[in-house]
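Asker: One letter stands for each residue in the lines below.
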Amino acid sequence: MLLFRSEDNVRAWCGQRHLTPGEIFDPPRLWPLARAWYDDRLEPDWRRRTVVQRQAILDAAGFRGSFWRLIDS
Amino acid sequence: MHDSRIRLWIYQHFAGTGRAPSPVEIAAHFGLTPDHVERALHRLQAERDALVLIPGGPYIWMAEPFSAVPTSFLVRSGTRQWWGNCIWDGLAILALLGVDGAVSTACPVSGQPLVVSVVDGAVVAAPGVVHFAVAARDWWRDIGFT
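Chain order of the listed sequences is X and F. Residues in the first sequence are numbered from 1 upward in steps of one, following our numbering. Residues in the second sequence are numbered from 1 upward in steps of one, following our numbering.
Don't take every hint at face value.
Chain F regions said to be covered by chain X (calculated; three or more residues, Cβ under 8 Å) [to be verified]:
#	stretch
1	16-22
2	37-45
3	76-88
4	128-137
In case anyone wonders, no lab produced these hints; they're calculated from the structure. A virtual CB, placed ideally from N, CA and C, is assigned to each residue, including glycine.
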């Protein structure tokens, strides 16, 4: 997950690597996901969240659609 | 020694110092042998998916969102600094520690410096665009690329 100056630069970067661009969005949209995804890592009894729990975090942060599916519905 | 205590101390070490502890440092902290710690680190990677070791060795590469090696995502808060594995992880470090700060990187194509700042618990200055190249179901197929 990289930060680019512009969408044109994303397309140039992908073109150099023969990749189809993935999802592109403004940085503030990432903040709710950044806050929620790792918020348990300093807990003593941490266990990796299940895929269902992780999907729920993505959904709650507004990352919906096939690109953001960890599992088949 | 329970692996959970070692895992937590690794995270506390990252949070406090900005770097990963070595197996020898972990061993000294808990009064264990480095060999015991190395086995614990491999278990934490293989059985609990709690961290990523540098391939072929016992040294920590990532304890998400922290990176043990310098990356393109330098996270700063006051005089403290950490390395994030990506823009998501860079912001997540600030969120996890509950501090304001900034994630500094550069556009991979143009080289233009880009800084995303967090003030009062919110992203306030946000140039550029985030690109997720890999679909979610494939994030852990090659975590280094992701």
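Asker: For every hint, state whether the structure bears it out.
Answerer: Results for each hint:
Here the stretch 16-22 of chain F counts 0 residues with a CB under 8 Å from a CB of chain X, which misses the bar of 3, and the coverage is violated. Note: the stretch 37-45 of chain F has 0 residues with beta-carbon separation from chain X under 8 Å; the three-residue rule is not met and the coverage is violated. Remark: the stretch 76-88 of chain F is confirmed as covered by chain X, as 3 of its residues place a Cβ nearer than 8 Å to a Cβ of that chain, reaching the required three. Counting residues of the stretch 128-137 of chain F whose CB lies closer than 8 Å to any CB of chain X gives 10, which reaches the minimum of 3, so the coverage claim holds.
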